[in-house]
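If you read the sequences in order, they're chains A and B. Per the working numbering, the first sequence starts with residue 1, numbered consecutively. Per the working numbering, the second sequence starts with residue 261, numbered consecutively.
Honestly, the hints are just simulated from the structure, not real lab data. Please note that the accuracy of each hint is not assured.
[As the list claims (entries may be wrong)] One-sided and incomplete, this derived list gives chain A residues near chain B with beta-carbon spacing under 8 angstroms:
1) Ala99
2) Ile100
3) Gly103
[Unchecked claim] Derived lysine-lysine pairs resembling BS3-like cross-links, with alpha carbons at most 25 angstroms apart:
4) Lys177/A x Lys359/B
5) Lys177/A x Lys440/B
6) Lys271/B x Lys396/B
7) Lys440/B x Lys359/B
8) Lys379/B x Lys456/B
9) Lys177/A x Lys363/B
10) Lys359/B x Lys442/B
11) Lys273/B x Lys287/B
Only a predicted model underlies this, so the values are computations on that prediction, with no experimental measurement involved. Each residue gets a CB set at the ideal place from its N, CA and C atoms; glycine is no exception.
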Amino acid sequence: MKEIIDLTAFQVVLAYIFVLIVLAIVRIRGIGREKEIFISSVRMTLQLILAGYILVYIFNNPSPWLTLLVILLMESFAVYTVLKRFINQLNRCFKIVIAISMGIGTLTCLIYFLLIVIRISPWYDPQYFIPIAGMFIGNTMTGISLGVKFLLEGMTNQRALVEEALILGATPQSASKSIINSTFEAAIMPTINSMVGMGIVFLPGMMTGQILSGTLPTTAIAYQIAIMFGILGAVALSVILMLQLGYRTFFNQESQLILP
Amino acid sequence: MQAVFEFIDVKFKNILDLPEMLIERNKITTLLGPSGSGKTTTLRLLNKMLSPTSGRILFNNIDLSTINSISHRRQVTMLSQNPAMFAGTIRDNLIIGLKLQSKPIPDDHVLNTVLEHIKLEKTLDNPVQNLSGGEKQRLALGRVLLLDPEVYLLDEPSSALDDATEEIIIAMVTNHVREKEKTLVMVTHSHVIAEKYSDAIITIANGRCSIRRDN
Numbered sequence: 001m002k003e004i005i006d007l008t009a010f011q012v013v014l015a016y017i018f019v020l021i022v023l024a025i026v027r028i029r030g031i032g033r034e035k036e037i038f039i040s041s042v043r044m045t046l047q048l049i050l051a052g053y054i055l056v057y058i059f060n061n062p063s064p065w066l067t068l069l070v071i072l073l074m075e076s077f078a079v080y081t082v083l084k085r086f087i088n089q090l091n092r093c094f095k096i097v098i099a100i101s102m103g104i105g106t107l108t109c110l111i112y113f114l115l116i117v118i119r120i121s122p123w124y125d126p127q128y129f130i131p132i133a134g135m136f137i138g139n140t141m142t143g144i145s146l147g148v149k150f151l152l153e154g155m156t157n158q159r160a161l162v163e164e165a166l167i168l169g170a171t172p173q174s175a176s177k178s179i180i181n182s183t184f185e186a187a188i189m190p191t192i193n194s195m196v197g198m199g200i201v202f203l204p205g206m207m208t209g210q211i212l213s214g215t216l217p218t219t220a221i222a223y224q225i226a227i228m229f230g231i232l233g234a235v236a237l238s239v240i241l242m243l244q245l246g247y248r249t250f251f252n253q254e255s256q257l258i259l260p
Numbered sequence: 261m262q263a264v265f266e267f268i269d270v271k272f273k274n275i276l277d278l279p280e281m282l283i284e285r286n287k288i289t290t291l292l293g294p295s296g297s298g299k300t301t302t303l304r305l306l307n308k309m310l311s312p313t314s315g316r317i318l319f320n321n322i323d324l325s326t327i328n329s330i331s332h333r334r335q336v337t338m339l340s341q342n343p344a345m346f347a348g349t350i351r352d353n354l355i356i357g358l359k360l361q362s363k364p365i366p367d368d369h370v371l372n373t374v375l376e377h378i379k380l381e382k383t384l385d386n387p388v389q390n391l392s393g394g395e396k397q398r399l400a401l402g403r404v405l406l407l408d409p410e411v412y413l414l415d416e417p418s419s420a421l422d423d424a425t426e427e428i429i430i431a432m433v434t435n436h437v438r439e440k441e442k443t444l445v446m447v448t449h450s451h452v453i454a455e456k457y458s459d460a461i462i463t464i465a466n467g468r469c470s471i472r473r474d475n
């Protein structure tokens, strides 16, 4: 296998031509999003440069505390991103449920994946721990966002049916069962869909990265298969936890429906 | 007189303020009053879909706030004025209450008898979305009858029915309640129905007072 071609700063700048093309299209057509596109491009560049330097430092000075700190920051940012998307729509209990579900769902799968499937040593090896945690947490963030969206919509749009079920003597759990099931399905669907298209429609980013850096495609594929299952597990576990704990926040102690 | 429900200084937000009210066991009580006077709120308080802001409601002399809401709703079941229909067929909607309460599902013969009682001339496999408002209301009544609770709370059970059907349905329900020695609390707008079928009439005016009159 060939070694990866090192990119110089100049070569990276050459890639900016694509941003210029988009800016030109937006300007000519009068879409008026130039500022947003420019800021997003610059922001991404700066964030990644910073992340690159931080990762170099962490890889050169591996420490369990540093790895755990990075994971904590990633989890916090993911929870913050989800909560920000649903501002004024969630009660305090539901916010706590989201944080707990994301934390338990991703960390349980991550620990199993790293220590039992890949068997990294030392257990906090940042070269494995951080990027894989990033993939688990990132995908879970999408799943949880969809889950929260559909649960809120379900409880609001199907309020009459939930109330009718309660009136007929249902427990809050059975009154919300169909909403919880359809929400779970909708939240894990993007992960399932990406599994279906993988290898045919597209080559996943991690696998592409490994192949570019000289890893045998067969090894890269083995990693990709294992990681996709890990991601599926993390998304599914986090979402079902969020739903099983979250639906309760829509009911009070008297089993009456309370919508935020 | 045996009270099944007793209100003691019950207030609910600024909608209802009832210092006292009694509902008798094994009797048919009608709640009368103008729109917005708090009749539906009263029914929802009786089956714990709402809880009083202050005051106490006693159910068989036990403070309702100490009784589990779900088991209470299984004894004291309400038919709302605009009952929601679940996706599926007439059969699905008839048995939904039993399913939600994990009770055994009767065979089609029993279900067809219920359809006859509620004068719904449709088959069990008919999808519910094709039913009219009145038919849906009767179907919802049918599923409450199948649950066979101790206390029936019916919120304008005949509001979407024509006069002739209204008479038949109310007669059927009141007969059923008397035969099985149950309790019925019914909200109605019709003085004629109230006078003809109930043992006691409670008039709620502006949610502020209740006047009881035994028939």
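Structure-based check of all given hints:
1. Ala99: Violated. Min distance 29 angstroms.
2. Ile100: Status violated, d = 26 angstroms.
3. Gly103: violated (31 angstroms)
4. Lys177/A x Lys359/B: holds (13 angstroms)
5. Lys177/A x Lys440/B: violated (33 angstroms)
6. Lys271/B x Lys396/B: violated (33 angstroms)
7. Lys440/B x Lys359/B: At roughly 23 angstroms apart (the allowed maximum being 25 angstroms), Lys359/B and Lys440/B satisfy the hint.
8. Lys379/B x Lys456/B: holds (21 angstroms)
9. Lys177/A x Lys363/B: OK: Lys177/A and Lys363/B at ~17 angstroms, within 25 angstroms.
10. Lys359/B x Lys442/B: holds (22 angstroms)
11. Lys273/B x Lys287/B: violated (29 angstroms)
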